[in-house]
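Trainee: Hints in hand, dock the two standalone chains.
If you read the sequences in order, they're chains A and B.
Just so it is clear: in the first sequence, position 89 is 89 by the numbering used here, and no numbers are missing.
Just so it is clear: in the second sequence, position 42 is 42 by the numbering used here, and no numbers are missing.
Fair warning: there could be bad hints in the mix.
To be verified - Over 12 Å on every C-beta distance to chain B, these chain A residues come out as not near it, computed from the model: (1) Pro18; (2) Ser20; (3) Thr28; (4) Gln70; (5) Asp71; (6) Arg72; (7) Gln73; (8) Ser84; (9) Asp85; (10) Val111.
Claimed, not checked - Simulated restraints on C-beta separations: (11) B:Asn67 x A:Leu11: 41 to 51 Å; (12) B:Asn31 x A:Gly52: 22 to 32 Å; (13) A:Gly43 x B:Leu96: 21 to 31 Å.
Note that these hints are calculated values from the structure, not bench results.
Using N, Cα and C, we set each Cβ at its ideal position, and we do this for glycine too.
So the chains spell out like this:
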Amino acid sequence: SQTIHQWPATLVQPVGSPLSLECTVEGTSNPNLYWYRQAAGRGLQLLFYSVGIGQISSEVPQNLSASRPQDRQFILSSKKLLLSDSGFYLCAWTGNERETQYFGPGTRLLVL
Amino acid sequence: GENVEQHPSTLSVQEGDSAVIKCTYSDSASNYFPWYKQELGKGPQLIIDIRSNVGEKKDQRIAVTLNKTAKHFSLHITETQPEDSAVYFCAALFPLRDYKLSFGAGTTVTVRA
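Isolated chain B (complex conformation) (with noise of 0.2 Å):
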């Protein structure tokens, strides 16, 4: 299967404070999650990425891991600002069908000030 479960559906969260997106795959062929940031009006923007090979993955305030074994990837970001706030979209690559992007729902994350 090509599903990408994503939890939870909207976050809120006290400047300051960590938010985390927990996504699951179904397909054990997939090797590359990228993790894309989409603000209100706007095309999705790549914000950070992991492949099959490593298990974590930081860039400044944001973070992703990776579970290969249990098929679940998280996006963490530190010290949450203002701007943080959008709507967050997982996804898993599927080599085997044309190296589609399968999505998950999306997560709203709303950083109170």
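One chain only, chain A, in its complex shape (with noise of 0.2 Å):
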């Protein structure tokens, strides 16, 4: 069966600080992989997708970058955090239907 993994779980980050991500899927080949980030008690916003190795579409400007290392690895980034990055990263894939998305436990960022 199928598994998503995102790490850490939780991550306290300064202001200007670098960041890294991960999201990992086992038990599957080829899946398009998405990152999402949910403010506190508000909706999911699509930041990044990929439909395979090194293939990245961004969604919205920001502060953020996304990469692609491996089929089932995608990675989210940033050079400089922002009071404003802090929020709730989810990291989703789809298998090769390219319809039902299945969500990772996410990871809570809290830039200080």
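Mentor: Here is the structure:
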């Protein structure tokens, strides 16, 4: 069966520090991968998605970037964090049918 | 457009009563409509979905209805229990936009014991 992992689960970082969040999927190949951000009490904002290795599409201009160095690995990064980067970051994947998105457990990021 | 509107934003029901959440979408090309349940501090979990060739789907206490003509779909939870308390999100798939999902803003459901 397929599983999706995210780490770390929680992260507290100072403003201006770098960021690296990792997402990996097991039990499937060539998934579509997605990064979402969820502000406290709010909905899901799509940040990036990838349909293959090295292929990244950005949805909104921001302080973040994404990379997909391997088929089942998706990384969210920042060179210098802002206070507004705080939130709950969710990774998701879809299979070949490209319909149902399955979410990971999320990373809670607090920038101070 | 890719808008999905979801109502209400909050819903409080007595245990045992039914809960209904409604969503509308704007893109007639949308053909897949999932519903997610998100508990505090966790990622959203798929609870039920419906495709455009079906008008209704049921899974135990949960049912979803779809009206393609009116472009709206609804989640129905019957015999609500305290563990149904969570935030629920509807979504619509946009196959012409790289198969991206557009989510509603969410409904916070509280089931009173």
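Trainee: Hint by hint, which ones does this structure get wrong, listed from lowest number up?
Mentor: none
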